[in-house]
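S.K.: Just so you know, the sequences run in chain order W and S. Every letter in the first sequence is one number past the one before it in this note's numbering, and letter 59, counting from 1, is 59. Every letter in the second sequence is one number past the one before it in this note's numbering, and letter 639, counting from 1, is 1639.
What the hints contain is simulated information worked out from the structure, not anything from laboratory work. Heads up, some of the hints might be wrong.
Said to hold, decoys possible - Subject to a maximum C-alpha distance of 25 Å in a straight line, what follows is the list of computed SDA-like cross-link-like pairs (lysine to any residue):
#1 315(W) x 1024(S)
#2 315(W) x 1164(S)
#3 315(W) x 1608(S)
#4 165(W) x 1622(S)
#5 315(W) x 1598(S)
#6 315(W) x 1606(S)
#7 460(W) x 1599(S)
#8 315(W) x 1599(S)
#9 1608(S) x 430(W)
#10 315(W) x 1597(S)
#11 1596(S) x 305(W)
#12 460(W) x 1597(S)
#13 315(W) x 1602(S)
#14 1608(S) x 460(W)
#15 315(W) x 1601(S)
#16 315(W) x 1617(S)
#17 1527(S) x 1056(S)
#18 1608(S) x 378(W)
#19 315(W) x 1596(S)
#20 315(W) x 1618(S)
#21 165(W) x 37(W)
#22 315(W) x 1604(S)
#23 1596(S) x 440(W)
#24 315(W) x 1056(S)
#25 460(W) x 1160(S)
#26 1608(S) x 165(W)
#27 315(W) x 1615(S)
#28 460(W) x 1622(S)
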Amino acid sequence: MNSSVIFAEAGASFPVLSLLVILPLVGAAALLLIPSSRSEMLRPVALLFTVAVAAAAGWLVAVFETSGGSEAGFQFVSRHEWISSLGTSWHLGVDGISLFLVALTGLLFPLTIIALDPGSDQKSYYVWLLVLEAGCLGAFLALDLLLFFMFFEIVLVPMYFLIGKWGHSNARYAAVKFFLYTMLGSSIMLVGIVSLVFLHSSATGGAVTFDLVEIATSQSLATTTARWLFLSFALAFAVKVPLFPFHTWLPDAHTEAPTAGSVILAGVLLKLGTYGFLRFGLYLFPEATSYFAPLFLTLGVVGILYGAVVAAMQKDLKRLVAYSSVAHLGFIILGAFALNIQSLEGSVLQMVNHGLSTGALFFLVGFIYERRHTRQIAELGGLQRSVPLLAGVFMVVMLSSIGLPGLNGFVGEFLILLGTFEANRWWAVVATVGVILAAVYLLWAYQRVFHGPTVGENVKIVDLRWREWVAVAPLVALIVFLGVYPRPALDRIEPAVERLVEHVEMNDGTEASP
Amino acid sequence: MERLVWLIALMPLIGFALLLVGGRRLGEPRAGLLATTATAASFVASVLVFIGLLGLEGDERSVTFTLFSWVPAGDLSVDVSFLADPLSITMALFITGVSTLIHLYSLGYMHGDENFSKFFIYLNLFVFSMLILVLSDNLLLTFLGWEGVGVCSYLLISFWFGDEANASAGKKAFVTNRVGDFGFMVAIFLTFGAFGTLNYNDIFADTSVVTSTTASAIVLLLILGAAGKSAQLPLYVWLPDAMAGPTPVSALIHAATMVTAGVYLLVRVNPLLAVADGWVLDILAWIGLATALIAATAAIAQRDIKKVLAYSTISQLGFMFVAVGVGSYTAAIFHMITHAFFKALLFLGSGSVIHAMDNEQNMSRYGGLAKFLPVTAVTFGIGWLAIAGVPPFSGFWSKDEILAGAWNNNKLLWALLLFAAMLTAFYMSRAVFMTFFGEKRWGAGAGNSSENMTETDEHSAADVEISSADDVEVADTANIGAAKTVSTAPHESPPTMLMPLVVLALLATVAGVLNLPFVKSTHFLEKWLEPSLYHNEAQLGFAGGTKWVLAAVAIVASFAGIWIAVQFYLKKVAPTRLVELDIFARAWRYDETITKVAGGPGRRAFDKIALFDRRGVDGVVNGVGSLVQTGGHWLRQFQTGKVRSYALGIALGAVILLAYFIARASF
Chain W
1 MNSSVIFAEA GASFPVLSLL VILPLVGAAA LLLIPSSRSE MLRPVALLFT VAVAAAAGWL
61 VAVFETSGGS EAGFQFVSRH EWISSLGTSW HLGVDGISLF LVALTGLLFP LTIIALDPGS
121 DQKSYYVWLL VLEAGCLGAF LALDLLLFFM FFEIVLVPMY FLIGKWGHSN ARYAAVKFFL
181 YTMLGSSIML VGIVSLVFLH SSATGGAVTF DLVEIATSQS LATTTARWLF LSFALAFAVK
241 VPLFPFHTWL PDAHTEAPTA GSVILAGVLL KLGTYGFLRF GLYLFPEATS YFAPLFLTLG
301 VVGILYGAVV AAMQKDLKRL VAYSSVAHLG FIILGAFALN IQSLEGSVLQ MVNHGLSTGA
361 LFFLVGFIYE RRHTRQIAEL GGLQRSVPLL AGVFMVVMLS SIGLPGLNGF VGEFLILLGT
421 FEANRWWAVV ATVGVILAAV YLLWAYQRVF HGPTVGENVK IVDLRWREWV AVAPLVALIV
481 FLGVYPRPAL DRIEPAVERL VEHVEMNDGT EASP
Chain S
1001 MERLVWLIAL MPLIGFALLL VGGRRLGEPR AGLLATTATA ASFVASVLVF IGLLGLEGDE
1061 RSVTFTLFSW VPAGDLSVDV SFLADPLSIT MALFITGVST LIHLYSLGYM HGDENFSKFF
1121 IYLNLFVFSM LILVLSDNLL LTFLGWEGVG VCSYLLISFW FGDEANASAG KKAFVTNRVG
1181 DFGFMVAIFL TFGAFGTLNY NDIFADTSVV TSTTASAIVL LLILGAAGKS AQLPLYVWLP
1241 DAMAGPTPVS ALIHAATMVT AGVYLLVRVN PLLAVADGWV LDILAWIGLA TALIAATAAI
1301 AQRDIKKVLA YSTISQLGFM FVAVGVGSYT AAIFHMITHA FFKALLFLGS GSVIHAMDNE
1361 QNMSRYGGLA KFLPVTAVTF GIGWLAIAGV PPFSGFWSKD EILAGAWNNN KLLWALLLFA
1421 AMLTAFYMSR AVFMTFFGEK RWGAGAGNSS ENMTETDEHS AADVEISSAD DVEVADTANI
1481 GAAKTVSTAP HESPPTMLMP LVVLALLATV AGVLNLPFVK STHFLEKWLE PSLYHNEAQL
1541 GFAGGTKWVL AAVAIVASFA GIWIAVQFYL KKVAPTRLVE LDIFARAWRY DETITKVAGG
1601 PGRRAFDKIA LFDRRGVDGV VNGVGSLVQT GGHWLRQFQT GKVRSYALGI ALGAVILLAY
1661 FIARASF
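Only chain W is shown next, with the shape it has when bound in the complex:
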């Protein structure tokens, strides 16, 4: 107890968050310096840097104080002048909402490097991967609107190349669709950010600032203006999540992306959208959030049911998992807009859970693809006989995805539904139907892929290799751990969520607005 406090204090002076963002970039630069004659060095170096980031992220979780932090609940805050004439600064901080997303990012990147080979053009693959990691971490840690926007946009570029260059047959179409769709959303958000910043400075009469905490705490905007601005942010996040009906880029991007791309896309990138709703939607525009909550609750519920139904009908295993993401993220949105402690805590936890279980599912689907060179469910079958270990891992991950108590998915889903039930019971009841549907599409898929007679090329494929085992074992361990003992996570999430709920309740329009 005592020593952790000391460590935390030491950590406060050590700019660990800046390190987290910069380290992958240093790694990328280092990779660029490796001559093509030493290409065997690329992977170890990339691995080294991502493992270092993972270690730093793990250390962050360990020393994170459950009792809260200093500045508006953020810990390890690091703030430096950046472009002072624009009022923007290098402002990073972590709280219970971003903490586990940072940890998840730190965990997933090295796992993809361990388990998967890029095939061609290793150098640029690893460089893009590291740039992607820096972008994700920056977006989760930024407390400055312009800085956030920059990171939010940066991630598009490496992802675009990862899908387009190392993807499957129809990768170009998917990559362009992904890029343009999300770009469209975020360009409108940029307008929102710029307007917000100028309106804020004219309302308060102070200098122009992009500082998130400052703008959020002053709540200076007129109600209608805030609602419009909220929508400009919400569109960008809704596309990113993706929220029904903005989801159709996702199945294409997932299906065509290389396995590492799918894992990162599902595990980390989609969370930028849900995280954005919590950090920027709820925090900046509490009144608008409550005002539009019914709309987003509805879209969340629609996503849960619709994603599940469409998933059930997919013939491509990867598309099926992609649509299951639409359903799962519907739960997260539901929790975010039910606006109470349980629902929000569940929502934050479920972001991590989805990253673990869907990340693992994409790994496993990728392993199957490497062996069978097909994603068509109809061409698979009886794999439990030929690859029992892979099947066993798939079973555990699938059950987590279905929301089986004792595994991680249940805790998040349960808290979301319980909280939503308090806020709006009928939406919670309808959303609970999604729990039935999840069993339908996943068990049906499992049966068609792993059960039944083992014939043809499905007979003589090899089971998990040790590298693949190393990649999925930590995910499975966390899936079980967070299901049985979620308390360490919930204890760290709760203070941030409590503060957010208070903030929303204080500003949700019960007071007179200018």
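Fit chain S to the supplied structure of chain W, relying on the hints for placement.
M.R.: Same frame as chain W, now just chain S:
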């Protein structure tokens, strides 16, 4: 000693963990022995806790043991915490006891299976989950056990996954149960909303904080959950298919333990049932009755011996539902225990027969087996007498209690339930006569095609016709059509399989002493369970004399059922098709109708939504995309590259919006 309650659940968990790590290396039979030892240790722990509770005064027999905090969030706080009280320990005792016997039996039954150790991994995980279910001190942890047993059931039904039919049956069980789980989950939300806690003791401490409407809603939702797990209308359809699993699984999970979880849950929340409106309990009782009747009639016309037992289980669970519905909680638990003994016995006996007959499950190809399988025949016979309600075997006493409770509540309910009891005696006698009595219809001597044979073929042809979508039916038919011939004489099973049969036969004979009706002092179970029932047990409003008359009537009904079966199946005074109606064989077409709707309109609707996604939602996106592209072509006249034209469009839009916002801000 009552504080050792955590040991009960820990033992099978240890067994599971050890087998998970080293089960394959241990191999046969050591993996199985380890699992059996773990379950036996759990039984010993249950006995110790039982003795500990006996040492306490009646009111103090409720001990909570908290391990750690599971889900703390805001004002919600759920612990991993066990409750040792008469109800939970009663459950734990018979669960661990029967489980140990069935583990032992499985050592013989699963001999030579390529996944021998995996079978025991699942079995230990099942026992662990089941114990969590009954020992939990709150609704959420009960739900964890509830889902855990569901998954184990799924894994074990599709244990021989190479056959599509088994895989489908497992999936069907899980999905159907999920419909019930929906009810359970919403009930949990509602309970937390109303009571602010999910802890049983805290909820029951003051049930006056909820309105009867809220209580009714909670109970109705829990009934939906219980109907899934305990295979009642409208969700019973998964259980007949679940017979695709290995027979020990059918005995343990789908007869003795897991399927009673719904009944247990409803008895556990008896203070809530007491607050709920009366009509809710009437619904419960009538669901039980309807299920008991439908399943009993279906059991009459089944050829597959395991299907007979499956429908019989559904029917008997219906009896327990009736008992809970009329407030005879002790009777429900009493029948649950005796049923666990005699139904596990019957299933294991059927397994012994199937084992001896080279996996033949069609009773039309049995006959005259008593001579070849003496131990199986005698023990099976005891199970038959117990379930048929012949005194002094255990089933008579427990069923009699339920009938008395029904009479107390509603005479029509009683009359119909009595009819179901008579049907029970009839279909079980039929199964016994077809299997162990009469001429043999297997092996070389089966050539002279008897009346039964032709009927079977007709029956199986009908099967193919009615449900080609239903994989299980098809598989059964294939099984029947294969016309296996037993080359050598059937042989009795090994001792590891016979020993459990003998022990269960003893228990099925004497378990009635748990709660004998003669005088107040022999109501052992009733007195023991009293602290868990909070005086909610319905008091019979009639004199002892009436009870004797009712018992006599029940005995007459039982013997009538047996007598009719003798006429049809031993003396053959009339052709059996007079009773084995097609509508019975197809279980009133309930399952096939659901399958047809789900596979027809249901699937088409799903397909339409998926098509809408591709053509509708994504169509719009692609349409906008090509529109922009066309615009880009047009813009190309002014600009050079395509990407830049997009950028221009975005920039233009941004400027316009920005201008709009700044204009708004100025006033």
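S.K.: List in ascending order the numbers of the hints, as given earlier, that are violated by the structure.
M.R.: 1, 7, 12, 14, 24, 26 and 28
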